Amino acid sequence: MLVLQALYEADAVGHDAQLALNRLLDEAGLSEENVGFARDLVQGVVSHKSEIDKHVGNFAPAWPVSQIPVIDRNILRLAIFEILIDNRTPVKVGINEAIELAKAFGSDSSPKFINGVLGSVSALASR
-15 MLVLQALYEA DAVGHDAQLA LNRLLDEAGL SEENVGFARD LVQGVVSHKS EIDKHVGNFA
45 PAWPVSQIPV IDRNILRLAI FEILIDNRTP VKVGINEAIE LAKAFGSDSS PKFINGVLGS
105 VSALASR
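Reminder that position 103 of the sequence shown reads as 87 in my numbering, one-by-one numbering, no gaps.
Calculated directly from the structure, the hints in this document are not laboratory data. The model shown is predicted, which means the values in this text are computed figures rather than measured ones. Treat each hint with caution, since some may be false.
[Stated by the list, open to error] Below, computed lysine-lysine pairings styled on DSSO-like, alpha-carbon distance capped at 27 Å:
| # | residue 1 | residue 2 |
| --- | --- | --- |
| 1 | 33 | 96 |
| 2 | 96 | 38 |
| 3 | 87 | 33 |
| 4 | 38 | 76 |
| 5 | 96 | 76 |
| 6 | 87 | 38 |
| 7 | 33 | 76 |
| 8 | 76 | 87 |
[What the hints assert, rightly or not] Here are the computed distance ranges between Cβ atoms for each label pair:
| # | residue 1 | residue 2 | range |
| --- | --- | --- | --- |
| 9 | 96 | 6 | 31 to 37 Å |
| 10 | 24 | 96 | 25 to 31 Å |
| 11 | 42 | 6 | 29 to 35 Å |
| 12 | 96 | 69 | 21 to 27 Å |
| 13 | 93 | 0 | 29 to 35 Å |
| 14 | 54 | 27 | 18 to 24 Å |
| 15 | 92 | 31 | 31 to 37 Å |
| 16 | 104 | 12 | 29 to 35 Å |
| 17 | 16 | 46 | 22 to 28 Å |
Built from N, CA and C at the ideal position, the CB exists for glycine as well.
Starting from the given sequences, assemble the full structure and let the hints guide the process.
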């Protein structure tokens, strides 16, 4: 959740994602392993943002990436990074985590939208 918060903050108000994450981590009291994992995720999403956004555009062609709600856009970015690029998280786990984040933080339609896009992404991941 801290990773999503940092990505959301960076996208919504233009703050540096790593600095936002550092601030959130200072308050969280996570293990070094979890801190490292969170840093890797934020850095990975930021580093691959253009590539990830192309995937979002391909799998949600009716929605320009800039018009997708900020929370949904960043849930998708995080999940697509985990599923297609990082490969440390099993595809089904990544999708389920994204849907749970969408239920908790998105609109009523977010879980269905996220599931639909990531269902298409999972087909690409299984190739």
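Do the hints match the structure? See the list:
1. Distance restraint check for residue 33 and residue 96: the Cα-Cα separation of roughly 23 Å lies within the 27 Å cut-off, and the hinted pair is therefore satisfied.
2. Taking the CA atoms of residue 96 and residue 38, the gap is near 20 Å; set against the 27 Å cutoff, the hint holds.
3. With a C-alpha separation of about 23 Å, the suggested pair residue 87 and residue 33 falls inside the 27 Å cut-off, and the hint holds.
4. For the hint pairing residue 38 with residue 76, the CA-to-CA distance comes to about 21 Å; that is within 27 Å, so the pair holds.
5. About 15 Å separates the Cα atoms of residue 96 and residue 76, which keeps this hinted pair within 27 Å; it holds.
6. Between residue 87 and residue 38 the CA atoms are separated by roughly 24 Å; this keeps the pair inside 27 Å, and the hint holds.
7. A threshold of 27 Å between alpha carbons decides the hint, and for residue 33 with residue 76 the separation of about 22 Å falls inside it, so the pair holds.
8. For the suggested pair residue 76 and residue 87, the alpha carbons sit about 16 Å apart, so the restraint of at most 27 Å is met.
9. For residue 96 and residue 6, the Cβ-Cβ distance of about 34 Å falls inside the hinted range of 31 to 37 Å, so the restraint holds.
10. The hinted range of 25 to 31 Å is satisfied by residue 24 and residue 96, whose Cβ atoms lie roughly 29 Å apart.
11. Restraint check, residue 42 to residue 6: a C-beta distance of roughly 33 Å satisfies the suggested window 29 to 35 Å.
12. A hinted range of 21 to 27 Å holds for the C-beta pair residue 96 and residue 69, which are about 24 Å apart.
13. Under the hint 29 to 35 Å, the C-beta atoms of residue 93 and residue 0, about 30 Å apart, fit the expected range.
14. Between residue 54 and residue 27 the Cβ separation comes to about 20 Å, which falls inside the hinted range of 18 to 24 Å.
15. With their beta carbons about 32 Å apart, residue 92 and residue 31 fall inside the hinted range of 31 to 37 Å.
16. A hinted range of 29 to 35 Å for the beta carbons of residue 104 and residue 12 is consistent with their spacing of about 33 Å.
17. In this structure the hint that residue 16 and residue 46 lie 22 to 28 Å apart at CB is violated, the actual value being about 42 Å.
The structure fails to meet hint 17 from the earlier list, while all remaining hints are met.
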